[in-house]
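In order, the protein sequence lines correspond to chains A and B.
According to this note's numbering, the residues represented by the first sequence are 1 to 315, in order.
According to this note's numbering, the residues represented by the second sequence are 1 to 331, in order.
Mimicking SDA-like on lysine to any residue, the simulated pairs with C-alpha atoms at most 20 Å apart in a straight line are:
(1) A/K248 x B/D160
(2) A/K73 x B/S146
(3) A/K155 x A/E184
(4) A/K55 x A/A66
(5) A/K211 x B/D302
(6) A/K248 x B/F161
(7) A/K259 x B/S165
(8) A/K248 x B/N91
(9) A/K236 x B/N44
Here are some chain A residues pointing at chain B (derived, C-beta under 7 Å):
(10) A35
(11) H190
(12) N194
(13) A228
(14) Q232
Derived from the structure by calculation, the hints contain no laboratory data.
Ideal Cβ placement from N, Cα and C applies to all residues, glycine included.
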Amino acid sequence: MTFTRLAAAAVMAAALAMPALAQDKKVIGVSIPAATHGWAGGMNFHAQEAINRLKTVYPQLEFVLATASDPAKQVNDIEDMVATRKINALVVLPFESEPLTSPVKAVADSGAWVTVVDRGLAIPGIEDLYVAGDNTGFGRVSGEYMVSAMPNGGKIVALRGIPTTIDNERVAGFEEAIKGSGIEIIDMEHGNWNRDDSFTVMQDFLSKHDKIDAVWASDDDMAIGVLAAIEQSGRKDIQFVLGGAGMKEMIAKVRDNDKMVPADVTYPPSMIATAIELTAVGMTSTAPVSGRFTIGSVLITPENAAEFYYPDSPF
Amino acid sequence: MANIDATQRAKPMLDLKVLGPILALVVLVIVGASLNGNFLSAANITNVLSRSAFIGIIAVGMTFVIVAGGLDLSVGSMAAFIAGLMILVMNALLPALGPGWPLVMVGMLVAIAAGTLAGMVNGFLITTMRIEAFIVTLGTMGIYRSLVTWLADGGTLSLDFGMRSIIRPIYFDGVFGISWPIIVFALVAITGELVMRRAAFGRHAAAVGSNDQVARYSSVNVNRVRMLTYVFLGILVGVATIMYVPRLGSASSSTGVLWELEAIAAVIIGGTMLKGGFGRVWGTVIGVLILSLIDNILNLTDGVSPYLNGAIQGVIIVLAVILQRDKKAEG
Numbered sequence: 001m002t003f004t005r006l007a008a009a010a011v012m013a014a015a016l017a018m019p020a021l022a023q024d025k026k027v028i029g030v031s032i033p034a035a036t037h038g039w040a041g042g043m044n045f046h047a048q049e050a051i052n053r054l055k056t057v058y059p060q061l062e063f064v065l066a067t068a069s070d071p072a073k074q075v076n077d078i079e080d081m082v083a084t085r086k087i088n089a090l091v092v093l094p095f096e097s098e099p100l101t102s103p104v105k106a107v108a109d110s111g112a113w114v115t116v117v118d119r120g121l122a123i124p125g126i127e128d129l130y131v132a133g134d135n136t137g138f139g140r141v142s143g144e145y146m147v148s149a150m151p152n153g154g155k156i157v158a159l160r161g162i163p164t165t166i167d168n169e170r171v172a173g174f175e176e177a178i179k180g181s182g183i184e185i186i187d188m189e190h191g192n193w194n195r196d197d198s199f200t201v202m203q204d205f206l207s208k209h210d211k212i213d214a215v216w217a218s219d220d221d222m223a224i225g226v227l228a229a230i231e232q233s234g235r236k237d238i239q240f241v242l243g244g245a246g247m248k249e250m251i252a253k254v255r256d257n258d259k260m261v262p263a264d265v266t267y268p269p270s271m272i273a274t275a276i277e278l279t280a281v282g283m284t285s286t287a288p289v290s291g292r293f294t295i296g297s298v299l300i301t302p303e304n305a306a307e308f309y310y311p312d313s314p315f
Numbered sequence: 001m002a003n004i005d006a007t008q009r010a011k012p013m014l015d016l017k018v019l020g021p022i023l024a025l026v027v028l029v030i031v032g033a034s035l036n037g038n039f040l041s042a043a044n045i046t047n048v049l050s051r052s053a054f055i056g057i058i059a060v061g062m063t064f065v066i067v068a069g070g071l072d073l074s075v076g077s078m079a080a081f082i083a084g085l086m087i088l089v090m091n092a093l094l095p096a097l098g099p100g101w102p103l104v105m106v107g108m109l110v111a112i113a114a115g116t117l118a119g120m121v122n123g124f125l126i127t128t129m130r131i132e133a134f135i136v137t138l139g140t141m142g143i144y145r146s147l148v149t150w151l152a153d154g155g156t157l158s159l160d161f162g163m164r165s166i167i168r169p170i171y172f173d174g175v176f177g178i179s180w181p182i183i184v185f186a187l188v189a190i191t192g193e194l195v196m197r198r199a200a201f202g203r204h205a206a207a208v209g210s211n212d213q214v215a216r217y218s219s220v221n222v223n224r225v226r227m228l229t230y231v232f233l234g235i236l237v238g239v240a241t242i243m244y245v246p247r248l249g250s251a252s253s254s255t256g257v258l259w260e261l262e263a264i265a266a267v268i269i270g271g272t273m274l275k276g277g278f279g280r281v282w283g284t285v286i287g288v289l290i291l292s293l294i295d296n297i298l299n300l301t302d303g304v305s306p307y308l309n310g311a312i313q314g315v316i317i318v319l320a321v322i323l324q325r326d327k328k329a330e331g
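This is chain A alone, in the form it adopts within the complex (with noise of 0.2 Å):
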């Protein structure tokens, strides 16, 4: 914890200590939404990471890092950026589309490279990269295990996230999946990707059915919960959880092949690492990075649970 906090200060401190080099050198912007939830916690961390590996790499190149606590804190800092700093590139995962878009143009207007993460802006066409996180594909990957993992069908409870068009994504490509695969949601509530709300809901789901034949709980703080929720009631007819996002406490018990908890499937914070990275080589090469770089979400096995495993982060 004091680690990475006194790493962001050094980065801070190490950007406002040479604003004079700044003129040879190329600076790159990077504001995102602060660590308000273990989601945004680790991609706080892999910004940081990604920053600190990039400094050694690209001695040319000069990071600033802002996070924000809301939409208006993101527009000051960015628009700060441009004014104090002299941005060459801003890497900006925008807190909501709406508000950030018309800033983060003025940004692309006036001549600045501009990479867009994880939620797009509301017109297109103003990034130069999009470095995209798949909600549709998150949805298919999880039914599609759902309906390897339980060839005959069976009876499921879904937890959705907050009321959000990334959890209707989510839940439509889960739909889609299990399409005509003899598994059915037999009920749906929304446990806002929160640990308290989803124990809750699963307490409640508990009580009104008798047999579930396993849980997806689309996120891995909602299945923290809903495991709770099935210890405390002592029921052997859940077979598994299906988590989602690649918390490293899921991760562990994949790894470990704890029995509910078979695999999970990553909508990687670490997709922050990407985008600055990828900007950072456009900064400094010739080879081209314009375009869209969707991430996709992958299963998360046995098998391959080390490679996610990351012991520092703190998501």
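Let chain A serve as the given structure and place chain B on it in line with the hints.
Structure of chain B alone, referenced to chain A:
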């Protein structure tokens, strides 16, 4: 306004004022039982009562704060912060003390001490520094929420796995088939009701909330009473946290979000006046049960879009308060 007129108008309302929350609770139980056969099963009732305990324990303390004319918006963040602190301390002392009940006791002491201190900070700023309770607790709400995010480095604080199996029974086990959170909630509620009705402190709190000038002239130490309501609330937040941490063994920035509003809603549904001066702890308990039952019933039934859960809760909260509207509400 003529006195006779007022009493005549108040009288038919008086019954509903007392019975309103009870009626709403009974209706909810009947609706729940008719919608799903498992609603009245022992397991479901235990689930609902245990999960009500966090908000319930806090809401009993909140009743006193509101009766004395105050408000505390910081309790949800405070619970998250105390939970985080409790986990950090227990993890840090694990090598020294080893997994076992002594360490659990240390964790409990930390929670109570932190709660007391947090309540004293709120109380000090409100009474001695004379800042509006709304502003003070809005400020501390943000402070505790940020602190727990910072402690967890944006992620989740998890209790060491070895400790979890030792501390788990605090939430999941009990005596005579009644789980500990329910027992503690019941004890807190009964004590609260007795203090509100029988003890001088309860009457002083109501006097301060009703008219602090008159209370001061009646030689009630107004600042001391106000201070104590916040300190008691802080202690109860600590107690609620002691029940909360064993459940999932973790705390994050999403812990205890909106608990403050649920607790305040429960107090108001129960018939306590938001502007202070009058309150009843048993009403608060019923308010808490109404809120958890709505959630429970919505989860147990199909046919209502989950998007509408919040709307249904809102309608029932407003209805429960309309049922017990009195002449003061009319102005």
